[in-house]
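Asker: Construct the complete structure from the given sequences, taking the supplied hints into account.
Just so you know, the protein sequences line up as chains A and B, in that order. According to the numbering used here, the first sequence is numbered sequentially starting from 1. According to the numbering used here, the second sequence is numbered sequentially starting from 1.
To be clear, the hints were calculated from the coordinates, so they are not data collected in a lab. The structure presented is a predicted model; accordingly, all values stated were derived computationally and were not measured. Glycine included, every Cβ here is placed at the ideal spot set by N, Cα and C. Treat the hints with care, since some could be wrong.
Examples of chain A residues toward chain B, derived with CB under 8 Å [unchecked claim]:
id, residue
1, Ala49
2, Arg68
3, Ile71
4, Val76
5, Phe78
6, Phe80
7, Phe97
8, Val101
9, Arg102
10, Val153
11, Lys156
12, Ala223
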Amino acid sequence: MSIEIRHLSKQFGTFAALRDVNLEIQSGELLALLGPSGSGKTTLLRVIAGLETADSGQVLFNNEDTTRQSIRDRQVGFVFQHYALFRNMTIFENVAFGLRVRPKDCRLKDAEIRERVTNLLQLVQLDWLADRYPHQLSGGQRQRIALARALAVEPKVLLLDEPFGALDAKVRKELRIWLRRLHDDMHITSVFVTHDQEEALEVSDRVVVMNEGRIEQIGTPDAVYEQPANPFVYEFLGHVNLFHGRIHRGRAIISDIEIEAPEHAEAENLAAIAYVRPHDIEIDRVTNGESALAAHIVHIVSIGPIVRLELAHDDSSNKNLVQVEISKDRFRELQLTKGDRVYIKPRRLELFPSHASANSIH
Amino acid sequence: MSTFKQHSVLPGFNLALGFTLIYLSLIVLIPLSAAFFRTAELTWTEFWTVVTTPRVLASYRLTFGASFAAALTNALFGLLIAWVLVRYQFTGKRLIDALIDLPFALPTAVAGIALTALYAGNGWIGQFLEPLGIKVAFTPIGIYVALTFIGLPFVVRTVQPVLEDIETELEEAAAMLGANRLQIFLRIIFPAIFPALMTGFALAFARAIGEYGSVIFIAGNMPMVSEITPLLIITKLEQYDYAGATAIAVVMLVISFILLLIVNLLQWWSRHRNALA
Chain A
1 MSIEIRHLSK QFGTFAALRD VNLEIQSGEL LALLGPSGSG KTTLLRVIAG
51 LETADSGQVL FNNEDTTRQS IRDRQVGFVF QHYALFRNMT IFENVAFGLR
101 VRPKDCRLKD AEIRERVTNL LQLVQLDWLA DRYPHQLSGG QRQRIALARA
151 LAVEPKVLLL DEPFGALDAK VRKELRIWLR RLHDDMHITS VFVTHDQEEA
201 LEVSDRVVVM NEGRIEQIGT PDAVYEQPAN PFVYEFLGHV NLFHGRIHRG
251 RAIISDIEIE APEHAEAENL AAIAYVRPHD IEIDRVTNGE SALAAHIVHI
301 VSIGPIVRLE LAHDDSSNKN LVQVEISKDR FRELQLTKGD RVYIKPRRLE
351 LFPSHASANS IH
Chain B
1 MSTFKQHSVL PGFNLALGFT LIYLSLIVLI PLSAAFFRTA ELTWTEFWTV
51 VTTPRVLASY RLTFGASFAA ALTNALFGLL IAWVLVRYQF TGKRLIDALI
101 DLPFALPTAV AGIALTALYA GNGWIGQFLE PLGIKVAFTP IGIYVALTFI
151 GLPFVVRTVQ PVLEDIETEL EEAAAMLGAN RLQIFLRIIF PAIFPALMTG
201 FALAFARAIG EYGSVIFIAG NMPMVSEITP LLIITKLEQY DYAGATAIAV
251 VMLVISFILL LIVNLLQWWS RHRNALA
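Answerer: This is how it looks when you write it as structure tokens:
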């Protein structure tokens with residue numbers, strides 16, 4: 001089922017949770033709503049579910065307006081961050097709940113319910129826990145049961161509110177790979193909310209980056225990471241270094257370096273901020289004649305196959321430390337130690353005139 | 001069999017338990033056992049005769065019957081009040097919340113006099129009920145009204161916090177799965193508050209059984225009709241029939257204990273089933 005969201009706005013008192021949000025979700029897609037807390041992502045999800053009503057705007061399922069539809073008629077499965085399992089029921093009864101509360105005339109026979117619940121429990125690989133109670137399960141198991149319960153009523157849309165938010169790092173990783181695989185098998189239109197950019201980029205088909213009730217960018221994980229639409233998205237998705245500089249007639253000048261910036265050909269001596277990812281910075285012990293920034297190493301952290309260096313500019317006008325990520329091989333080759341003097345040069349950068357980014361620089 | 005002492009993070013288990021037992025003995029068990037000792041002055045046949053006279057039996061039926069009915073009423077309406085106080089926002093909510101505790105604070109005799117004045121044939125409420133053929137004051141119905149009044153806070157105060165703790169997510173989850181409001185209440189909310197409801201019911205019931213002050217004013221105290229057991233005990237005491245009074249008290253005590261035990265077992269069973277622990 002496709003979902004279309006038109007001009008959705010929602011206000012909580014004086015706080016605007018959603019401001020004129022427009023979004024199209026294709027049938028069978030796995031979409032991530034990504035944003036910091038308070039960005040409106042959960043509110044958007046709850047409005048789609050019907051748990052919250054918007055002040056204005058429409059939500060369309062398969063081109064049909066759902067604004068007046070009750071929660072029950074929407075055929076939406078919802079998974080909560082804290083599982084919301086019914087603790088007075090066994091795991092089996094939790095999953096069977098949606099089938100048991102159906103009106104008598106369209107309720108399945110007991111044997112059919114038993115069969116479907118058993119199949120779902122097998123799907124989430126927890127059929128051996130059918131007779132347990134929720135409090136006897138681990139967090140990861142509970143969330144899988146919550147998913148099975150949501151799937152039991154054969155929803156047309158699956159909505160997940162920070163589904164892995166309450167789990168520890170390892171279980172989180174396992175579950176999101178598992179969710180991706182499950183989605184690939186079932187192809188049910190799914191929307192999940194997360195504040196974890198890694199999770200959004202890894203699991204989803206498309207990512208919707210939200211901030212302060214607005215959508216900042218919609219795109220594939222690659223697109224939002226490689227071509228962020230604005231400084232907010234750049235800063236929100238992964239580490240980033242900021243360099244203050246100027247752009248002038250298609251060239252960017254940052255301290256001692258000059259870089260081609262053809263997209264800013266008409267800029268006349270404009271203050272700008274350059275965004276550079278830590279892994280997009282080249283580092284060397286010597287300059288090979290090209291312009292480069294001089295710096296010295298302040299801190300070295302080795303994380304598995306990569307080494308993260310923190311550098312301080314020699315030029316005191318840029319006080320921020322620069323983060324650089326290089327491979328362990330490169331690190332060994334350069335034989336770097338703390339305090340060493342090095343030269344750095346951005347391999348790739350994104351320039352934004354600084355007035356546009358003034359709000360989002362901390 | 002282990003000779004190692006079990007260590008607990010909470011210190012002073014022995015001390016605390018010892019104190020609890022001594023305290024309970026001094027405050028509850030010794031006075032109660034005095035009643036049993038006093039009763040022992042009677043022979044079995046004397047005892048049996050005293051506690052099975054028609055007048056005493058009638059008072060048992062009335063006391064336990066009216067108390068049960070009052071506790072049941074309180075369970076139902078106490079739940080409703082707790083629900084309204086927890087679920088809805090309205091002006092004057094704090095005031096109503098404070099009013100709930102009033103039956104605790106009011107001297108029971110005052111409650112009895114006030115209720116009698118209201119429900120007597122010429123009272124504010126009684127004048128409208130009398131033409132309908134309903135007599136409240138000086139009848140068992142009056143006793144039921146008084147017992148309902150004094151037992152009101154128990155159910156409200158035990159159910160309220162539990163109701164507040166039920167996550168709205170559970171109800172939302174049930175609604176998303178297609179349950180209607182009645183199904184959500186019966187399958188999700190009620191099982192969660194049932195143990196607390198039972199506790200409130202048991203407290204209101206126990207309180208009603210022992211109630212004396214408010215009832216004697218409104219009951220009319222006619223033997224065989226509207227005479228409660230506590231009054232019968234007082235009457236015996238006034239006639240210096242201490243053994244007879246304690247004999248009736250002992251029977252009352254044993255019945256109360258058995259009933260409360262049953263309620264506790266029910267509660268334990270439902271809590272166990274709900275796996276709330």
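Asker: Next, verify each hint and record whether it holds.
Answerer: Here is what the structure says about each hint:
Because the closest C-beta pair between Ala49(A) and chain B is about 7 Å apart, less than 8 Å, the hint holds. Checking Arg68(A) against chain B: minimum C-beta separation of about 16 Å lies over 8 Å; hint violated. Hint status for Ile71(A) relative to chain B: holds, with the closest Cβ pair at about 5 Å, below 8 Å. Hint status for Val76(A) relative to chain B: holds, with the closest Cβ pair at about 6 Å, below 8 Å.
Hint status for Phe78(A): holds, given a least beta-carbon distance of 4 Å to chain B, under 8 Å. Hint status for Phe80(A): holds, given a least beta-carbon distance of 5 Å to chain B, under 8 Å. At its closest, the beta carbon of Phe97(A) sits 6 Å from a beta carbon of chain B; the interface hint therefore holds under the 8 Å criterion. Proximity of Val101(A) to chain B holds as hinted, the smallest CB-CB distance being about 4 Å (cut-off 8 Å).
Contact between Arg102(A) and chain B, as hinted, is supported at the beta carbon level, the nearest pair being about 6 Å apart and thus within 8 Å. Nearest Cβ of chain B to the Cβ of Val153(A): about 6 Å, under the 8 Å cut. The hint holds. Evaluation of the Lys156(A) hint against chain B yields a violated restraint, the C-beta minimum of about 13 Å exceeding 8 Å. Below 8 Å, beta-carbon pairs count as interface contacts, and Ala223(A) has none with chain B, the closest being about 32 Å; its hint is therefore violated.
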